[in-house]
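Undergrad: These protein sequences, in sequence, are chains V, D and P.
Under my numbering, think of the first position of the first sequence as 61, with each following residue one higher.
Under my numbering, think of the first position of the second sequence as 16, with each following residue one higher.
Under my numbering, think of the first position of the third sequence as 9, with each following residue one higher.
Please keep in mind that the hints were generated in silico from the structure rather than gathered at the bench.
Keep in mind the model is a prediction, meaning the values are calculated, not measured.
Hints may contain errors.
To be verified - Below, a list of computed lysine-lysine pairs in the DSS-like style, where the Cα atoms sit at most 30 Å apart:
#, chain 1, residue 1, chain 2, residue 2
1, P, 165, P, 223
2, D, 26, P, 313
3, P, 253, P, 372
4, P, 277, P, 313
5, P, 253, P, 223
6, P, 142, D, 115
7, P, 19, P, 39
8, P, 223, P, 372
9, V, 114, D, 139
10, P, 115, P, 165
11, P, 19, P, 165
12, V, 291, D, 139
13, D, 116, P, 142
14, P, 69, D, 26
15, P, 114, D, 26
16, D, 194, D, 112
17, D, 253, D, 139
18, P, 372, P, 277
19, P, 277, P, 223
20, P, 179, P, 114
21, P, 142, P, 178
22, V, 291, D, 115
23, P, 39, P, 114
24, P, 142, P, 114
25, D, 26, P, 115
26, P, 313, P, 253
27, P, 69, P, 178
To be verified - Some but not every residue of chain V turned toward chain D, in silico, with C-beta under 10 Å:
#, residue
28, 147
29, 189
30, 193
31, 194
32, 198
33, 291
34, 299
35, 303
36, 318
Glycine residues also receive a C-beta, built at the ideal position from the N, C-alpha and C atoms.
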Amino acid sequence: MTRLQHLRPGLGSYAAAYLAFLYLPVLFLPVFSFNAGTIVAFPLTGFTFQWYEKLAEADALLGALGNSLIVGLATAVISTAIGLFAARAFARHSFFGRGPAEGLVMLPLVIPGIIVASSMLVLFINMGLQPSLLTIIAGHVFLALPFAVSILKSSFDQFDGSLEEAAYDLGETVVGTFRRVTLPVVAPGIVSSFLVTFTVSFDEFVLAFFLAGNEPTLPVYIWSQIRFPAKLPNTLALGTLLILGSILLLLAAEYFRRRAERSSASR
Amino acid sequence: MAISLRSDSAKGYALSMPAVVYVGFLVAVPLALMVAHSFWTQDYIDINRELTLENYRQAVDDPLIRLLLIRSVVIAGLVTGLTVLLAYPIAYFIAFKTQKKALWLILVTIPFWSSYLLRVFAWKLILGYNGVLNSGLLTVGLIDEPLSFILYNPNAVVLTLAHAWAPFAILPIYVSLQKIDPSLLEAATDLGNTAIERFLRVTLPLSIPGVIAASLIIFIPTVGDYVTPALVGGADGKMIANLIQVQFGAANDWPMGATLSIMAILVVAFVAAVFVISLRSAGRRIR
Amino acid sequence: MESDAPIVVVKDIEKRFGNYVAVSDFNLDLKQREFFSLLGPSGCGKTTALRMIAGFQQPSKGEIFIDGAPMRDVPANLRPTNMVFQSYAIFPHLNVADNVGFGLRKKGLSRQEIDQQVREALEMVELPNLGTRKADELSGGQRQRVALARALVMRPKVLLLDEPLSALDKKLRETMQLELRRLQQSVGITFVMVTHDQYEAMTMSDRIGVMFQGKLAQVDTPKRLYSAPLNREVASFVGSMNFLKTSLRAEAADVLRVEADGVGPMAVKRNPYGIESGHEPLVGIRPEQLEIGTAQPSGYDVAVKGKVTNVAFYGESIHYYVGIDGQDEPCAVAVTNYFHTVDHQVGDDVWIGFQNSSVIDLGKYQETGSPGF
Chain V
61 MTRLQHLRPG LGSYAAAYLA FLYLPVLFLP VFSFNAGTIV AFPLTGFTFQ
111 WYEKLAEADA LLGALGNSLI VGLATAVIST AIGLFAARAF ARHSFFGRGP
161 AEGLVMLPLV IPGIIVASSM LVLFINMGLQ PSLLTIIAGH VFLALPFAVS
211 ILKSSFDQFD GSLEEAAYDL GETVVGTFRR VTLPVVAPGI VSSFLVTFTV
261 SFDEFVLAFF LAGNEPTLPV YIWSQIRFPA KLPNTLALGT LLILGSILLL
311 LAAEYFRRRA ERSSASR
Chain D
16 MAISLRSDSA KGYALSMPAV VYVGFLVAVP LALMVAHSFW TQDYIDINRE
66 LTLENYRQAV DDPLIRLLLI RSVVIAGLVT GLTVLLAYPI AYFIAFKTQK
116 KALWLILVTI PFWSSYLLRV FAWKLILGYN GVLNSGLLTV GLIDEPLSFI
166 LYNPNAVVLT LAHAWAPFAI LPIYVSLQKI DPSLLEAATD LGNTAIERFL
216 RVTLPLSIPG VIAASLIIFI PTVGDYVTPA LVGGADGKMI ANLIQVQFGA
266 ANDWPMGATL SIMAILVVAF VAAVFVISLR SAGRRIR
Chain P
9 MESDAPIVVV KDIEKRFGNY VAVSDFNLDL KQREFFSLLG PSGCGKTTAL
59 RMIAGFQQPS KGEIFIDGAP MRDVPANLRP TNMVFQSYAI FPHLNVADNV
109 GFGLRKKGLS RQEIDQQVRE ALEMVELPNL GTRKADELSG GQRQRVALAR
159 ALVMRPKVLL LDEPLSALDK KLRETMQLEL RRLQQSVGIT FVMVTHDQYE
209 AMTMSDRIGV MFQGKLAQVD TPKRLYSAPL NREVASFVGS MNFLKTSLRA
259 EAADVLRVEA DGVGPMAVKR NPYGIESGHE PLVGIRPEQL EIGTAQPSGY
309 DVAVKGKVTN VAFYGESIHY YVGIDGQDEP CAVAVTNYFH TVDHQVGDDV
359 WIGFQNSSVI DLGKYQETGS PGF
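Looking at chain V on its own, in the form it has when it is part of the complex (with noise of 0.2 Å):
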């Protein structure tokens, strides 16, 4: 296969070209927050810890990451506990409308965000909730939904139905087979769905700048900060932060997707 690649010079370096693309933009932000300028601009003129340093002093800063932080576990809880049922009703019962059902599931991920963030925003108003923590996890829930029901979907459809059956043939119960088989050969798809769920609600920007009230997210007090050219070292250094956290999230939820895979494989 590799003598192919060197057969195609021209398909291998696109590739590689084009992970460039994708990576140098977001390495400028890391690049930049050990600078010690305040100008985001070549020449680099030192190298700088303080940036990092201060975001410890800024409370503002901290009440959003807590913000996010309980907007994001309890969205992850949520739509992959509601996910969890879903997906197993997708996977391993035919009903009628079962292809529809699906289908509305998986619709937010097609609706422009502007769209779900301003009829939110008139939903909530109307049914007399402020904006609050409690309207964005509501949002948030709508928006990891179809993350969390393809993830777990896909934990049920590798793992053969009929091991619940031989757990109910010697003799366990419903929910003894659900603890004792089910939820085990399931639980890196759980895990996995937990973080990702979490990852699109810890990042997501446009529903809770509609939805915050006086409770700012971690995004949305990014979008505060960028407005000032003064704060942009500071805004460069939690950015590094987040993207890194972002990063090895997704790679814990990517390494329990594949032990998913592996201990649901059953030859």
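Chain V is fixed; fit chains D and P onto it per the hints.
TA: Structure of chains D and P alone, referenced to chain V:
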């Protein structure tokens, strides 16, 4: 317990109910409210609930709104085309030309998981008048004064969005290429096709579903993108979402905001439908 | 328990999925300690029947009794049956010992008792010292043994096996056929196996139930099934068979005198199931019951002249297809491949001969869509 085994569909309904009801509620009710608002009007700080087409008339007559709608569709279309075009060879490369598929798939997905806001922000820093690109080129001596055509215009919006949506184009195309049975390609060769003919007559038509999926996944949300035009678009690069946000924010005219949202949905649905139908029929014409 | 009462009684079972009738008119008594096979082509309803005994599917009509107790309200986890699944369903997150001990943990046994029983079960299936092996490190044959041990350790009254050998390659399958049979005899439990492989069913079973389109066509010992099939369908599914359409000349209490075009008169023992023969009885002859030679054979009740149209070499046997004037289908003759036997070539004139006792009465001739073999 016997019941649980007896009725497969009852179990299916019960399990999928929470998700379906939740999403169904949050799609249907807000949509209904938006439709209702679009027929109401803002009367200073109150909402006048008399049904009227006034908002739509105003929106259609307003050249700025028309311009923003058209620009949103054109930019989203350019982004979609550019992204799919750039992504297809990568998807092809991962599907057929490398053994390290998993590694490549992770590599192309990772950037997507870093905050969208931060990625757009990075482009703003790069493309700025005193930004990374200009200062870099100046330092190297390739240019004498900063380039001004690269930020705060539609080009910057297209470039930034094409970068942001790349993984979404690669994955569906990769999946549809991956599904192609290798013996189909061997059969095409066996029947006398060259590599290029084989690609055009077998691989490409079979990957059309992936191209359609990728295009829709990019086009639909992009029409309503808010962050990118706000950060890198400048005055000439603003899109419909920015105006909608103003209506719900500073202008405090929810009925007009709702009207614009509904119009955006209709335009998106129309363009997407035309696109899918024409691409499918194009796919069928290949023999 | 140790009486001769049947261990399983299946009474008037019908199973519908919507409008589709998967199983109907299903009646079956299973004896204590017998190895019973449900044999049939795919889609005949045999797996559905097995899953109704296991409790994974509820009959739409009828009742199943196990050891005298009605099973209608007994869910699968409380039935005295255990199952070996087609995919084996080895829990991927557990090791071999935990797989085998999975059901025992529900029985309130002590840790030592469970370990002891698991060890015995693994020894029984000849997998000692494999307890700590992970599920994904097992070969196909080992998975099958683990699945067996896991079910047998529960000491079920009936062990159900859903195509247990279909995932194994041919060599291993043949070994496992003998071993399953040996195991069944040593544990003395009733085994019910679903299979589509006639040879597998015949090698392993005390009795076989042949199913077509949701109905049991015939239940009998392998030998009887082979020598006295009830009808054309069973005859052609179990082994191969030459079919002859005949005309009835005379009938006595237990013998039919018939004549077939180009073959001549034969005396056929009446079908033991008392099916109606009509004016045109269909009769069948197994290919290995025919003698073939270049000269007219002596000592046979019937001798017919024909021409070889095709030869198929199977190694241990050779099949000659002999065209006979007056018959549409050539007649298949199976000859054991002794190295000194004379080879016949396509186009050779040959004689075939057989005894009246080899001819099987298959009842009234009916036009069927598919040829006999």
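Undergrad: If you draw a straight line from the CA of residue 142(P) to the CA of residue 114(P), is it 30 Å or shorter?
TA: Holds, because 22 Å separates the two Cα atoms, which is no more than 30 Å.
Undergrad: Return the status of the interface hint for residue 189(V): holds when the least beta-carbon distance to chain D is below 10 Å, violated otherwise.
TA: Hint violated; residue 189(V) Cβ to chain D Cβ min 13 Å, cut 10 Å.
Undergrad: Within 30 Å, alpha carbon to alpha carbon, are residue 313(P) and residue 253(P)?
TA: Status holds; Cα separation ~18 Å.
Undergrad: With a cut-off of 10 Å, does the beta carbon of residue 194(V) approach a beta carbon of chain D closely enough for the hint to hold?
TA: violated, 14 Å
Undergrad: Is the hinted pair residue 253(P) and residue 223(P) satisfied, with a Cα-Cα distance of at most 30 Å?
TA: The hint holds at about 26 Å.
Undergrad: Just to be careful, I want the Cα atoms of residue 291(V) and residue 139(D) compared with a cutoff of 30 Å; is the pair within it?
TA: With Cα atoms ~15 Å apart, residue 291(V) and residue 139(D) stay inside 30 Å; holds.
Undergrad: Decide if the proposed pair is consistent with the structure: residue 114(P) and residue 26(D), CA atoms, cutoff 30 Å inclusive.
TA: Given pair residue 114(P), residue 26(D) holds - Cα atoms ~25 Å apart, limit 30 Å.
Undergrad: Holds or violated: residue 194(D) with residue 112(D), Cα cutoff 30 Å?
TA: The given pair, whose Cα atoms are some 15 Å apart, holds under the 30 Å limit.
Undergrad: For the pair supplied as a hint, residue 223(P) and residue 372(P), confirm whether the alpha-carbon distance does not exceed 30 Å.
TA: Given that 30 Å is the threshold and the Cα spacing comes to 20 Å, the pair holds.
Undergrad: Going straight from one Cα to the other, do residue 291(V) and residue 115(D) come out at no more than 30 Å?
TA: It is violated: about 42 Å lies between the C-alpha atoms, which goes past 30 Å.
Undergrad: Taken at face value, is the distance from the CA of residue 277(P) to the CA of residue 372(P) at most 30 Å?
TA: holds, 14 Å
Undergrad: Are the Cα atoms of residue 115(P) and residue 165(P) separated by 30 Å or less?
TA: Holds. Residue 115(P) to residue 165(P) sits at ~16 Å (cutoff 30 Å).
Checked against the numbered hints above, the structure breaks hints 2, 20, 22, 27, 29, 30, 31, 33 and satisfies the rest.
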